[in-house]
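S.K.: Residues per chain, in single letters:
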Amino acid sequence: MIFDEFFDVIVIGGGHAGCEAASAAARLGANTALLTLNLDLIGQMSCNPAIGGIGKGHLVREIDALGGIMGRVIDRTGIQFRLLNRSRGPAVRAPRAQADRALYRVEMRRTLEGTPNLCLRQGLVTSLLIEDGRVLGVELQDARRMGAKAVVVATGTFLNGRIHTGRQTYEGGRAGEPASIEFAEALKRLGLRIGRLKTGTPPRLDGRTIDWEAFEPQRPDERAVPFSFSTDQIRQQQLNCHLAYTNESVHEAIRANLHESPLYSGKITSIGPRYCPSIEDKVVKFPEKTRHQLFIEPEGYATNEVYLNGFSTSLPAQLQQELVSLIPGFERTQIIRPGYAIEYDFVDPKELSPFLETARLKGLFLAGQINGTTGYEEAACQGLLAGINAALGSLGRPLFRLNRRESYIGVLVDDLITHGVDEPYRMFTSRSEYRLALRHDNADERLEPYGRELGLVGDLEWERFNQRRVRLAKARALLKECKLQRSDERYSICRELTGQELGESLTLAELALRPRMDAEMLMSLMPSRARSEFSIGDLETALADHVCAGYLHSQAAGLRRLNQHDTLNIPHGFSFRTVGSLSHEIVERLERARPESFGQARRIPGMTPAALSNLLVHLTGSQRFSSASQD
Amino acid sequence: MAVQIDTIVALSTPPGRSGIGVIRMSGFDSLKILRTLISVESYNPTPNQLSLKSLIDPYTAETLDEALVCFFKAPRSFTGEDVVEFHCHGSPVLLRTIIDLILKLGARLADPGEFSLRAVTNGRLKLTEAEAIRDVIDAQTDTALRQATRQLKGDISNRLRPAKEDLLETIVRLESSLEFVEEDLPAIQYQKIVDSLRSLERDLSRLRSTFGFGKLLRDGIRVAFVGRPNVGKSSLFNSLLGHGRAIVTRIPGTTRDTLAESIVVNGVPVLLIDTAGLRSSNDEIESIGVERARRAAADADLLIVVVDGSEYQPDEDQLVLAEVSDVRHIVALNKSDLPNFSAATFDRKLGAHQNCSAVVSVSAKSDAGLESLRAAILEPFANGNARTEGLLITNARHHDLLVRSIEAIASSAQLLEDHASEEIVLIGLHNALRYLGEITGETTTEEILGQIFSTFCIGK
Numbered sequence: 000m001i002f003d004e005f006f007d008v009i010v011i012g013g014g015h016a017g018c019e020a021a022s023a024a025a026r027l028g029a030n031t032a033l034l035t036l037n038l039d040l041i042g043q044m045s046c047n048p049a050i051g052g053i054g055k056g057h058l059v060r061e062i063d064a065l066g067g068i069m070g071r072v073i074d075r076t077g078i079q080f081r082l083l084n085r086s087r088g089p090a091v092r093a094p095r096a097q098a099d100r101a102l103y104r105v106e107m108r109r110t111l112e113g114t115p116n117l118c119l120r121q122g123l124v125t126s127l128l129i130e131d132g133r134v135l136g137v138e139l140q141d142a143r144r145m146g147a148k149a150v151v152v153a154t155g156t157f158l159n160g161r162i163h164t165g166r167q168t169y170e171g172g173r174a175g176e177p178a179s180i181e182f183a184e185a186l187k188r189l190g191l192r193i194g195r196l197k198t199g200t201p202p203r204l205d206g207r208t209i210d211w212e213a214f215e216p217q218r219p220d221e222r223a224v225p226f227s228f229s230t231d232q233i234r235q236q237q238l239n240c241h242l243a244y245t246n247e248s249v250h251e252a253i254r255a256n257l258h259e260s261p262l263y264s265g266k267i268t269s270i271g272p273r274y275c276p277s278i279e280d281k282v283v284k285f286p287e288k289t290r291h292q293l294f295i296e297p298e299g300y301a302t303n304e305v306y307l308n309g310f311s312t313s314l315p316a317q318l319q320q321e322l323v324s325l326i327p328g329f330e331r332t333q334i335i336r337p338g339y340a341i342e343y344d345f346v347d348p349k350e351l352s353p354f355l356e357t358a359r360l361k362g363l364f365l366a367g368q369i370n371g372t373t374g375y376e377e378a379a380c381q382g383l384l385a386g387i388n389a390a391l392g393s394l395g396r397p398l399f400r401l402n403r404r405e406s407y408i409g410v411l412v413d414d415l416i417t418h419g420v421d422e423p424y425r426m427f428t429s430r431s432e433y434r435l436a437l438r439h440d441n442a443d444e445r446l447e448p449y450g451r452e453l454g455l456v457g458d459l460e461w462e463r464f465n466q467r468r469v470r471l472a473k474a475r476a477l478l479k480e481c482k483l484q485r486s487d488e489r490y491s492i493c494r495e496l497t498g499q500e501l502g503e504s505l506t507l508a509e510l511a512l513r514p515r516m517d518a519e520m521l522m523s524l525m526p527s528r529a530r531s532e533f534s535i536g537d538l539e540t541a542l543a544d545h546v547c548a549g550y551l552h553s554q555a556a557g558l559r560r561l562n563q564h565d566t567l568n569i570p571h572g573f574s575f576r577t578v579g580s581l582s583h584e585i586v587e588r589l590e591r592a593r594p595e596s597f598g599q600a601r602r603i604p605g606m607t608p609a610a611l612s613n614l615l616v617h618l619t620g621s622q623r624f625s626s627a628s629q630d
Numbered sequence: 000m001a002v003q004i005d006t007i008v009a010l011s012t013p014p015g016r017s018g019i020g021v022i023r024m025s026g027f028d029s030l031k032i033l034r035t036l037i038s039v040e041s042y043n044p045t046p047n048q049l050s051l052k053s054l055i056d057p058y059t060a061e062t063l064d065e066a067l068v069c070f071f072k073a074p075r076s077f078t079g080e081d082v083v084e085f086h087c088h089g090s091p092v093l094l095r096t097i098i099d100l101i102l103k104l105g106a107r108l109a110d111p112g113e114f115s116l117r118a119v120t121n122g123r124l125k126l127t128e129a130e131a132i133r134d135v136i137d138a139q140t141d142t143a144l145r146q147a148t149r150q151l152k153g154d155i156s157n158r159l160r161p162a163k164e165d166l167l168e169t170i171v172r173l174e175s176s177l178e179f180v181e182e183d184l185p186a187i188q189y190q191k192i193v194d195s196l197r198s199l200e201r202d203l204s205r206l207r208s209t210f211g212f213g214k215l216l217r218d219g220i221r222v223a224f225v226g227r228p229n230v231g232k233s234s235l236f237n238s239l240l241g242h243g244r245a246i247v248t249r250i251p252g253t254t255r256d257t258l259a260e261s262i263v264v265n266g267v268p269v270l271l272i273d274t275a276g277l278r279s280s281n282d283e284i285e286s287i288g289v290e291r292a293r294r295a296a297a298d299a300d301l302l303i304v305v306v307d308g309s310e311y312q313p314d315e316d317q318l319v320l321a322e323v324s325d326v327r328h329i330v331a332l333n334k335s336d337l338p339n340f341s342a343a344t345f346d347r348k349l350g351a352h353q354n355c356s357a358v359v360s361v362s363a364k365s366d367a368g369l370e371s372l373r374a375a376i377l378e379p380f381a382n383g384n385a386r387t388e389g390l391l392i393t394n395a396r397h398h399d400l401l402v403r404s405i406e407a408i409a410s411s412a413q414l415l416e417d418h419a420s421e422e423i424v425l426i427g428l429h430n431a432l433r434y435l436g437e438i439t440g441e442t443t444t445e446e447i448l449g450q451i452f453s454t455f456c457i458g459k
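Top line first, the protein sequences correspond to chains A and B. Residue 582 in numbering that gives the first Met the number 0 is what sits at position 583 of the first sequence, and the numbering runs on without skipping anything. Residue 77 in numbering that gives the first Met the number 0 is what sits at position 78 of the second sequence, and the numbering runs on without skipping anything.
Quick caveat, the hints were computed from the structure, so don't treat them as lab data. Any given hint might turn out to be false.
Unchecked claim - Below, computed lysine-lysine pairings styled on DSS-like, alpha-carbon distance capped at 27 Å:
id: 1; chain 1: B; residue 1: LYS163; chain 2: A; residue 2: LYS284
id: 2; chain 1: B; residue 1: LYS348; chain 2: B; residue 2: LYS364
id: 3; chain 1: B; residue 1: LYS191; chain 2: A; residue 2: LYS288
In this text, all values refer to a predicted model and were calculated from it rather than measured experimentally.
Modelling step: build the complete structure from the supplied sequences, incorporating the hints.
M.R.: The structure is reproduced here in structure tokens:
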């Protein structure tokens, strides 16, 4: 086959998955091309201008620890940083930031353009070139052919995208951009199982027409916690968001016009994310709520456009304008871009290996929304993993996977490939059974050695990582060494604060386990040299390790029972029908999920204890018998 | 079944002399062994039908027994494999001979529970059903049988469902406050959640506490008679039994060895153990008996201290009562038929110890007070819960899981009271949900999230 150009890795799509994939592949030494419909829209945030949050912020920290780029880009372009769950334990705290949408795009493109081995190409891919069950490259609308050893597909909502506002319906990948129709058909022809999902976005408002006095401001943190372990400090100016609320008159107007909504008129049948419902859904499903909270989020420094988070809708544009005007403070407010709902194709992620490669076609990797996920962070971490493996594969190196114990990325991939998705998949900390161990501030400890080994973590970052390790060790040592004595002047303050008797003397490590003891307080009890040896952030991490250790034990105890058989292999091609006494439904679920281990089978929804007992006995029984016959 | 498995054999009826004895054989070679045993190599039995056959020892050509033979063809058998049952005459020697022969022909002796294990392995039986079946087989009384049957029908899942739902509701509440901190959710009322966890803990504890009684239902209560010689232990033993098993004389120290017999009291199996009277003796045989009596007393769940209520011997009686003072016991004041019997004298002279749950006046001679004695035997075991709870926990695995759940819930409630952060509190609650899930079925993360989204309006 003759190609116009040839690469090791081709990445289709310039969104959050595509950018990470292309950057990682190129930096691993693979000659890489990023193909996108519009080079000006690389790194575009299609929906809300924000990165992070609980679960999602954890993912960004993990991406950064592995050597991904999302954390650095948002650190340079974030306009409001907040650490969520500050009042709770360290495991569930997570950073979130509003982004300047335009600056984020610019910074992302600049980052990619500065990456050696990476070529940016504009074009619309129409089909995959295939030979002997292997992908050979892609064909473009303009008849160009590009060859590659591996292809990463990260097309987001563009596959057969269909946009709805009111009764209007048209093809589109995003507002103002064309859908990818031919390529969707090409994927179907491969025999991949395709499903359909829905998501939505709210209207954008003209900030000059808002009565800002009517809304309560939501301020940024005073000490911004960055996403990247390589960012020391956030220097750019920080902005406020504002809180708004809907009211009964808005709800009444929505109820009166439900027939105008494609969600309720039956036009849209595919499933949207339950945790990101449209305002129509909120009003219908929670009729007892007299108001719903909205966030007015700035889109950037250099624009008046604001994003009305929480008001996702597919009602007709004119009606959206009327609804918004019913909120006090928005009486004069004009909508710049109406909200809309979009339906798109996704590929059943059960088609994928833990490396995000399709089982059907060697060299074809899928990442991001095409796998049924939602969210920039979920997309980016898949892009990173797919890009890493596309490069490793093309370079003849062994592929890379992450497991549930060590990362949210591992949880996400395992969930996707074992359960598939019924609705757009978003990360929550409760999805991990190892929540206490997977903290945002120890993502480097968990994953940076992998990033280094792969070759994504440079010398400078690696040095920084090792320095932090040394600082953490010093902090840990000081916690054990330093004692609080009854004679110390701060003793009585501590006793009052904890509300407990503290005895003659105790180490700071012991004191740290008492109620209401935080890093600031403990730092003040340490000798003055401590401040020059490590930061408050370092001490927080050392404390978190220390405080969590006891609970990790009880977390493990419950899981050990549950997981004791998880490593039991289910042989390739195992016939679940031979287990007998499993209902048809259970057999079907198992056959669809194709679990490779008992652990994966256990996590399939709808498994009953009886079914699992039977499967377990069958597996242990047959493995016992087979090992006996070998003796 | 593709895997060729060895053939196992065992006596399926209880050991000992009986009308008939059933030998069961399961596995790949069952039919072959059957053919050899009846000396008909071409025998093709109709499955599931009994037929009368002569069992012949192929080595001696001697006919061993005329037996009813039944063949169950795989997979339509209890174990899912080829199964043969031999219904033989119930002589222990004969049964032993036939089993030995089958072993010689290539089978091996089944491990305890191996038939059920194979049934589970081959998908003929669910694990929980297997556990319940074991209990049905082992059921010694009607009440125990009723319990086992109830578990077979899944009553324990139904009983636990509301508790599990309560637990899930609390988890959902705490999870959503963690995951959706930016949402406009109703504030968490910590005290309310603590209260609800405490009440959950009490509820599960109530169920758990039936285990002692549930287990006794299955295994029976061991009750030993103790007392100084000639107070009428053996007479009372015989009275409760309803027939004269122990030899009764006027001569003190007649009972030299311990005797044991089963009776059923209100549906509970009770093993009565008669012992030699406790006294120091120069008679060697009697001394051994006394030693055995002490040992039997040590193994018993309950002692009945028999005291002659017509003729107190304060010193000796005191000695016996002192010996049992740290064991659960009841005092039977015997010989209430005699004119000089006085219960009040016991109270005045000897009194009851702390571990004494009842003092009952009886007469082994007239059977007066026997009903009270029977009730007094069950009293310490049948706590109030066991009576009000329809369902009793008889399975050690269920008991263990309940204990773990209760501990986990209690520690979470304590953490919540100490203002620990939600994710810490949730560890114990998730563990508890997993433990209960091992009885009733696992709750997946998706179900928890689903509950969150249907309860609260989430949607930034």
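S.K.: Could you run down the list of hints and mark each one as holding or not?
M.R.: Results of checking the hints against the structure:
1. LYS163/B x LYS284/A: Holds. LYS163/B to LYS284/A sits at ~25 Å (cutoff 27 Å).
2. LYS348/B x LYS364/B: This hinted pair holds, its Cα atoms lying about 25 Å apart.
3. LYS191/B x LYS288/A: holds (22 Å)
Hint compliance for this structure: no hint is broken.
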